[in-house]
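Undergrad: Sequence:
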Amino acid sequence: MTTGSDAPGAAGPRGNILVALQSARKSFGPVRALDTVDLTVTGGECLALVGHNGAGKSTLVNLINGNLEPTDGAVRYGFADGTDGSGQIARRRAGVRAVHQELSLCPNLTVAENVRISQRDLTGRGWRGRAARRVMAALDKIFLGHRIQPEAIVGDLTLTERQMVEVAIGFADGAEPARLVILDEPTSSLDGSIAGQLLAHVRRFCAGGGSVIFISHMLGEVFDVATRIAVMKDGRVIADREAGHFTRQSLVSAMGHVASEKAAQRVRPQGDDILSTPEGLKARRGEIVGLAGLAGHGQAEALAAFYLSQTSNWRARAPQAVFVAGDRGRDGIFPLWSILRNATLAALPRLTRRGMVDADGERTLADDWREKIGIRTDDIDNPILSLSGGNQQKVLFARALATQAPIVVMDDPMRGVDIGTKTQVYEMIRHEADAGRTFLWYSTEIDETCLCDRVFVYRNGAIAAELTGAAISEEQILSNSFEMQGQAA
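Start counting the sequence shown at 8; every next residue gets the next number (the numbering used here).
No lab work stands behind these hints, which were simulated from the structure alone.
No experiment lies behind these values; they were computed from the predicted model shown.
Straight-line alpha carbon distances no greater than 25 Å define the calculated DSS-like cross-link-like pairs of lysine-lysine that follow:
{"hint": "1", "residue 1": "K429", "residue 2": "K240"}
{"hint": "2", "residue 1": "K429", "residue 2": "K379"}
{"hint": "3", "residue 1": "K379", "residue 2": "K240"}
Computed Cβ-Cβ distance ranges for the label pairs, DEER-style:
{"hint": "4", "residue 1": "I160", "residue 2": "D79", "range": "39 to 49 Å"}
{"hint": "5", "residue 1": "D45", "residue 2": "A478", "range": "47 to 57 Å"}
{"hint": "6", "residue 1": "T430", "residue 2": "R370", "range": "21 to 31 Å"}
Note that beta-carbon positions come from the ideal geometry of N, C-alpha and C, so glycine has one too.
Produce the entire structure from the sequences given, and follow the hints as far as they go.
TA: The structure is reproduced here in structure tokens:
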């Protein structure tokens, strides 16, 4: 233990130091994922970590939350009594919690049973009741009006509800109260209103003396909650300043990418609809069609129903639709396969002759799309899990766009993707649409929805409005999202 003025736990300018990385490095073989990082987090602050996918953010927080050990350097945790320590026991005593981008809940357990995994004091008779009370108190405090029950099986919850449960467990009371909560893309599965509730709780938590490490590619959220921003690039912290010292443009520039202005409105494709569902969803050839509305109101179900109707013939060599998942862990990647296999899977029918896959053609296809979409890897034979989350998502786009399918179905595919990658993908979508491909795009981000040619707003499992042209705006989308709620009251 140490108690010197430079140790975690000592008084800092804005409170006690809760965690300190001291010349921390992390290497995976020849790849240096984190390179000599010195960083402290003090009580009462919200530190935002920003940077493109692969910048080192996830590696850094995995050192802090104990999932990884540093190759060199140290990670030390400050305690309430002014002393400090290192290791897993010290991390738990310091009250460090983590909410992961890739949800870590056990789908076969109930909400209450998942609480016990991280809170080891929940033992003995009646532990389920205590777990239920803890998680429900947190849910009630953070997400007003939620309908989640502690006995619900996590696998039966929607992606939004699972994200809410994971957040609630991160902030829930326990034997050691939460003092530092790491939030890695916490709003990626939440619609605007639910995300707003979470951001408000983050501000309250920090105002009460707690601290948050906040990772988000949505810069509006960063400026909404952060008191301090650290910019990462190539495994290093290249800028670390008070949030007020950044503007949106200076922050993007510090990340190493100059964001382009919103593309001019595309000329909406004309002609007859090439698809029409019984529920009223329609699209023309070359049209980008958005599905909007509050999360969980039928958009994902509408996409799934359409996609299954187009792919039920498993023998077809030329599928009519391909799918890009937002929940890549559940619906997208094959975790035991290589990058190459994940990228080319959907294109295998046209690469197969007499039951044999053209291996050279498959590798050429994967290499072409690695270059086109900028997948950051030196070897496409590496496991898919060797990539950052954003680069895994790029592989899913490559898988879909490498096919000749005329329709691309996208279920909130930009979750956890950085602004530079988003810009690349937006341009690619427009390019493919100009070439005649049709996109059905569900997004929880209104800015993305406003890039579409036509938007269907869902409410209570049905289409509440169809918007085109100048009517596609945040005001109109939100207005129609809530309109039917008032009618039903």
